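Undergrad: Sequence:
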Amino acid sequence: MKGALATGAALLALSSTLVLAQDAPESLLPPGFDDPPPPAQPSPVQPSPAPTARPTATPTAAPTPSAPGTSSPVVQPLPQDGPSAPAPAPSIDLPDELPSLEELEAMDTDALDELLGLKPRFDIPPAARRSLERIGVIGPREGGFATASLAAQPESLVRAVLAGTRGPLVSRWGHILVRRALASRLAAPGGMDPVEFAALRAATLNALGEYTAARAIVQDIDTANWNDALTDAALDAYIATADIVGACPAIQLQGNAREDGQWQLWRSICSAYAGQGVRAGTELSRALSRGTAPAIDVLLAQRHAGAAGAGRRAVHLEWDEVEDITPWRYALATAVGAEIPESLLAEPAPYYQRVSAISPMLAPAQRAPGALAAAGEGILSASAIVSLYSQVLADGAEGEAAETAATLRTAYAAPTAAERVEAMRTIWGMDERDHGLQVLTAYAAARLAPSSQWAADAPALIASMLTAGLDRDAMEWSGVVEEGSQAWALLALAEPGESAVSSGALDAFVDDDDSAGQRKSRFLVAALAGLGRIDGDTRRSFADRLALDLDRHTRWTRTIDRAAEVDNAALVALLAGLGMQGDGWDRMTARHLFRIVDSLNRVGLSAEARMIAAEAVARA
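Just so we're aligned: the sequence shown equals residues -21 to -1, 1 to 599 in mature numbering (1 follows the signal peptide of the UniProt record, and there is no 0).
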C-alpha cells in the first residue's frame, strides 16, 4: 500500500486546490467574462427619401454580381420561365490513392464503407442520443452522490485520484463506498472531457472487480462518442461479464480501428449475430489457417459465432496444447458453455474468482468458491451470497459447496440455539482468512438471541452481523458483552449514537490485546479518535502508550482533510479508497485509518465510517 500511496501522492501533487461541492459548478472566469453579451442594437432607421418623378425606363444590361470583397451586394437573378436546370449529381470524395482491384476485392463491407466515407459516425438518431452532461447509473434519489460533487473540482486532482486507485481495497465497506461513488450520476470536472471522466471511472471499477458496474457506466454513453480509453475499459468489462455480443455496436461502428487478433475475432462474431453467418465463417476459417490468433481462441470464436444460428457446424475444442487461461478464453468458454480443463484453473487468480462469481451461466456450485471471495471484498452482498448457496442446496449438488450450503441451512433453521451456533463455528473454521464466510452467516447471527452463554462467540457473531450493516441487531449484545473485550470494542465503534468511551474500558482492552504489534489497539484508538468518542487527553495518552502519530501529515492527508472541510462527500469517498488499497489489513496504518474515519464522519458518511472502523478492529 505504501507504493500505491506514494504514486497517488505524487499524482495528487498536480493540484491541491479544492472547491466546495455545490448544486452547480462555480465559474472560475473573471467577473464579466461569463455574462452574456448585450443584445445587438438595431441600426438607426434612415428616413425614406422624398418621392421623385420616375424616369422613363430605358433598356439596360442585366446587373452582374459583385466580386468578393466589394461593398455592393450580390444580386440573385429572378428565376426565368421554362424548365429549370438539372441539379448536379452528388459526388463522393474519393481518396487520393485508390487501392488496387485485388485489394478492393479482399476488402469487407465495413472497410469499403470507411474507404469511401460512407460509414456514418453515429448509429443512433439525433433525438435518441444521450447527453454527456451527467454520466452514471445511481442518481441522488437512489443513494448516489450529488450530481455536481466533482464538477467544480480541479480536473488534475480528480484524474490523479482515479488513476491512482488500481488495486483491491483492504476494507469490504470501503469497497462498497467507493463503488457507490464511481457509479453515481456525476458531471465531469470543469475542463475534463466527460468521456475521459467516464473512462477513468470504468477502468477503476474494473480494477476493483466491479465489472457489471463498469459495463453500466460505458453503456450510458453512445458508442459513437467512445474514445480509445473508454473502448479499452468497455471491452475489459464485456469480457469479464462474458457479454461478447454486448460490445458489438461499438465493434461494428469502429470497424478497422484495431488490428490485433482478438479484435478480428470479435468482429467476426458480431458479423454472425448481424445475420452475416457465411462471412463470419469464412473470416474465422481464414483466421485459423493464417494464425491470426491462437487456435483455441479461434475455435471458441467459431463456436460462439455458430450459436447465432447461421452457418452452424460442429467445432471440436482442442485444449491439449493450451498452457494457460486468459480472460478472453475464459469469457468465450463461459459464454458457450465449454468446459475448461481443471488443470488450467487449479489455482485460479483472483480475477477468475471474481468473474465466476458474477457469471449467471455457470452452475451455482461452480460460482460458490469465487462468490465467497467476492462477498468478502464487497462485490456481492450478504443476501446475494446466501441466495447463491440456497440455489446450491436446491440443485442437489455434491462437493464442498454443497456441504457448506447444508451447514448454512443448519445455522439458519436448526431448532436449538446451540446447534445454530455450532454450525456457524463450523463455517468460520473452514478458512479463518476468508472474510466471505462471516458475510455468509450475517443474518444467521442476527437471528440468535443475545445470551452470556455465547460470550466467547460474541466477537465473531457481532463481526458477522456488521459485515451486512446490521448494527442495531449487534447493539442488542451490549448488555451481554464484557467491558474491555473485543466484542465491546466492536460495539463501541458500531453504535449509531455519539456516546463517549471511558478510558478504563479502553485501558482494559489494550492490556488484553495480543494481536501482532497490538494492531487491534492501535486501530481502536485511531478509530475512536476519528469518530470523536474519546477526548483529547485520552487520545494523547494512548497515542503515547502505543507510539501513534495521528497528527503527521502527507499530501494525501492534507487533501482528504481539505475535502472534508469543504463538505465534499464524493471526493472524500474517492480519496478514502485511494488510501485503503492493499491486500490485507496489515497494509493499513493507524494514521491512515484515523484520517479516513474522521473525514467520512465529518461529511455525513458516519455509517460507513463506523462500519470501516469496526471492520478494521475485527480483522486486524
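Any given hint could turn out to be false.
Claimed, not checked - Derived CB-CB ranges, DEER-like:
| no. | residue 1 | residue 2 | range |
| --- | --- | --- | --- |
| 1 | G511 | A142 | 49 to 59 angstroms |
| 2 | A495 | S520 | 15 to 25 angstroms |
| 3 | R426 | G316 | 30 to 40 angstroms |
| 4 | G169 | D514 | 17 to 27 angstroms |
| 5 | E382 | G316 | 45 to 55 angstroms |
| 6 | A495 | P339 | 33 to 43 angstroms |
| 7 | A203 | V116 | 39 to 49 angstroms |
| 8 | A435 | E382 | 18 to 28 angstroms |
| 9 | R426 | D303 | 37 to 47 angstroms |
| 10 | A487 | D211 | 51 to 61 angstroms |
| 11 | R265 | D303 | 55 to 65 angstroms |
Please keep in mind that the hints were generated in silico from the structure rather than gathered at the bench.
Nothing here was measured: the structure is a model prediction, and the numbers come from that model.
Just so you know, even glycine gets a beta-carbon here, dropped at the ideal spot from N, CA and C.
Undergrad: Now, for every hint given, state plainly whether the structure supports it.
TA: Results for each hint:
1. For the hinted restraint 49 to 59 angstroms between G511 and A142, the CB-CB distance of approximately 33 angstroms leaves it violated.
2. Checking the proposed 15 to 25 angstroms range against A495 and S520 shows it holds: the Cβ atoms sit about 23 angstroms from each other.
3. Checked against the given bound of 30 to 40 angstroms, the beta carbons of R426 and G316, roughly 38 angstroms apart, stay inside it.
4. Our hint of 17 to 27 angstroms for G169 and D514 is violated, since their Cβ atoms are close to 42 angstroms apart.
5. Between E382 and G316 the CB atoms are about 26 angstroms apart, so this pair departs from the stated range of 45 to 55 angstroms.
6. Remark: the range hint 33 to 43 angstroms for A495 to P339 is upheld by a beta-carbon distance near 41 angstroms.
7. In this structure, A203 and V116 break the distance hint of 39 to 49 angstroms, their C-beta atoms being roughly 20 angstroms apart.
8. Distance hint for A435 and E382: a CB-CB separation of about 25 angstroms, consistent with the stated range 18 to 28 angstroms.
9. For the pair R426 and D303, the supplied restraint of 37 to 47 angstroms holds, since their beta-carbon distance comes to about 45 angstroms.
10. For the pair A487 and D211, the beta carbons lie near 54 angstroms from each other, so the given range of 51 to 61 angstroms is met.
11. Evaluation of the 55 to 65 angstroms hint for R265 and D303 yields a failure: the beta carbon distance comes to about 25 angstroms.
The structure shown violates the earlier hints numbered 1, 4, 5, 7, 11.
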